[in-house]
Amino acid sequence: MKKLAALALSAFLSSPFLAGAASLDKARFLEAVENGDDAYLQEVFAGPNREEAIHYHDSHGHTPIDYTLLRTTPLYASDSLLLLIRTGMQPGSANASPGLVLARQVACGDIPKDIDPAALNEKLPGGMTPFLWACALADPATIKRLIAAGADLYKDAGMDDTPDENALVIAAARSRYPEVIDLLIKSGIDVESTSSIGMGALSVACMFNELPAIGQALIRAGADVRRTDGVSGTPFQYAAKHAYALPLLKDLAARGADVFACDDAGYNAMHEAARNNPNPEVLTYLLSLGLPLEPAAGRKLEDEEFTPMMLAARHNPSPDVIRAMIAARGDLERKDSEGHAAFEGLSKARAGWLMEVGLGSYLH
1 MKKLAALALS AFLSSPFLAG AASLDKARFL EAVENGDDAY LQEVFAGPNR
51 EEAIHYHDSH GHTPIDYTLL RTTPLYASDS LLLLIRTGMQ PGSANASPGL
101 VLARQVACGD IPKDIDPAAL NEKLPGGMTP FLWACALADP ATIKRLIAAG
151 ADLYKDAGMD DTPDENALVI AAARSRYPEV IDLLIKSGID VESTSSIGMG
201 ALSVACMFNE LPAIGQALIR AGADVRRTDG VSGTPFQYAA KHAYALPLLK
251 DLAARGADVF ACDDAGYNAM HEAARNNPNP EVLTYLLSLG LPLEPAAGRK
301 LEDEEFTPMM LAARHNPSPD VIRAMIAARG DLERKDSEGH AAFEGLSKAR
351 AGWLMEVGLG SYLH
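Numbering (my numbering), first residue to last: 1 to 364.
The reader is advised that the hints may include incorrect statements.
Stated by the list, open to error - Below, in silico cross-link-like pairs of lysine-lysine (DSS-like), each with a Cα-Cα straight-line distance of 30 Å or less:
{"id": "1", "residue 1": "LYS241", "residue 2": "LYS348"}
{"id": "2", "residue 1": "LYS144", "residue 2": "LYS26"}
{"id": "3", "residue 1": "LYS335", "residue 2": "LYS348"}
{"id": "4", "residue 1": "LYS123", "residue 2": "LYS113"}
{"id": "5", "residue 1": "LYS144", "residue 2": "LYS113"}
{"id": "6", "residue 1": "LYS26", "residue 2": "LYS123"}
{"id": "7", "residue 1": "LYS144", "residue 2": "LYS186"}
{"id": "8", "residue 1": "LYS155", "residue 2": "LYS113"}
{"id": "9", "residue 1": "LYS186", "residue 2": "LYS155"}
{"id": "10", "residue 1": "LYS123", "residue 2": "LYS241"}
{"id": "11", "residue 1": "LYS155", "residue 2": "LYS144"}
{"id": "12", "residue 1": "LYS186", "residue 2": "LYS250"}
{"id": "13", "residue 1": "LYS123", "residue 2": "LYS155"}
{"id": "14", "residue 1": "LYS123", "residue 2": "LYS144"}
{"id": "15", "residue 1": "LYS300", "residue 2": "LYS335"}
{"id": "16", "residue 1": "LYS26", "residue 2": "LYS113"}
{"id": "17", "residue 1": "LYS348", "residue 2": "LYS250"}
{"id": "18", "residue 1": "LYS348", "residue 2": "LYS300"}
Just so you know, the hints here were simulated from the structure itself, not pulled from any lab data. Since this is a predicted model, take the numbers as computed values, not measurements.
Taking the hints into account, I'd like the entire structure generated from these sequences.
If you want it as structure tokens, here you go:
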């Protein structure tokens, strides 16, 4: 009894309310759910308002899991949805349409034995169907089962006649199973399916999916490795930002991708890797292909144009990549349109980080 009393007292004394912690900012929390702001959600779930967030529901009994299923698409929110589920959050208890009920079951991996085809293909308010959510989240056996149950393979996530993300595009963006890609294509979905912003499924995979095997499955199925989107971006350029993309980059190059292609802003795969990729092996590979670290010598940079060396110094999360670019003779003195060299004009936080990782000597 004394032990229980001591535990209760300890819990009371550690209460965030006693400590003066603010309650959950519900509006900001729901905004993060709707926008797929994983960083903010992780901060909430690691903080004193964790339990309040996990058990949040509105006056109708809907939880953030329901909001995600109803209002968003996997291109921007499937990681957030999985994060919500991993914390122990449950779908709501509110009365729901058959489609939302089935979407909840898909999200939680608890699909019933008997599946109503109408529910499986029901359009939720954000445009998704339970089957489309499954293409982002479920394993190949489940996808095969849903197809057999009457899933509409050709219904996309649009709310009007404008083409939108279909099952293959959604799987390309978020599935962890290359077999799902194979299954959807063998079921008749066009390997060149296009997203709502004009990106082919392969470009979508290269941009959004960190698993190289997804892009590789699309390449094996005949996806056009030289296809460009509305801003002239290519699969090779998009893949260059991911740490584990080296096998995918090599496959794209082997199939004839234009490794030197630039988008409308004049950026190529080297720019993408310099800004985002923490893996120096990717940088080494791009250099081996002949991608330059610098634009033509003597040319004045235009507004909002930066060299790969500038992008690495100002944004790359890996000191090893920055050092590798310096060792490869990235130009540290070239000026951008505002007159700043690579390590000049940095934020206080970035300059502090560079000092912490041993690169402070390059600061001007």
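(message) Could you work out which of the previously given hints the structure breaks and list their numbers from low to high?
(response) The structure breaks hints 2, 10, 16, 17; every other hint is satisfied.
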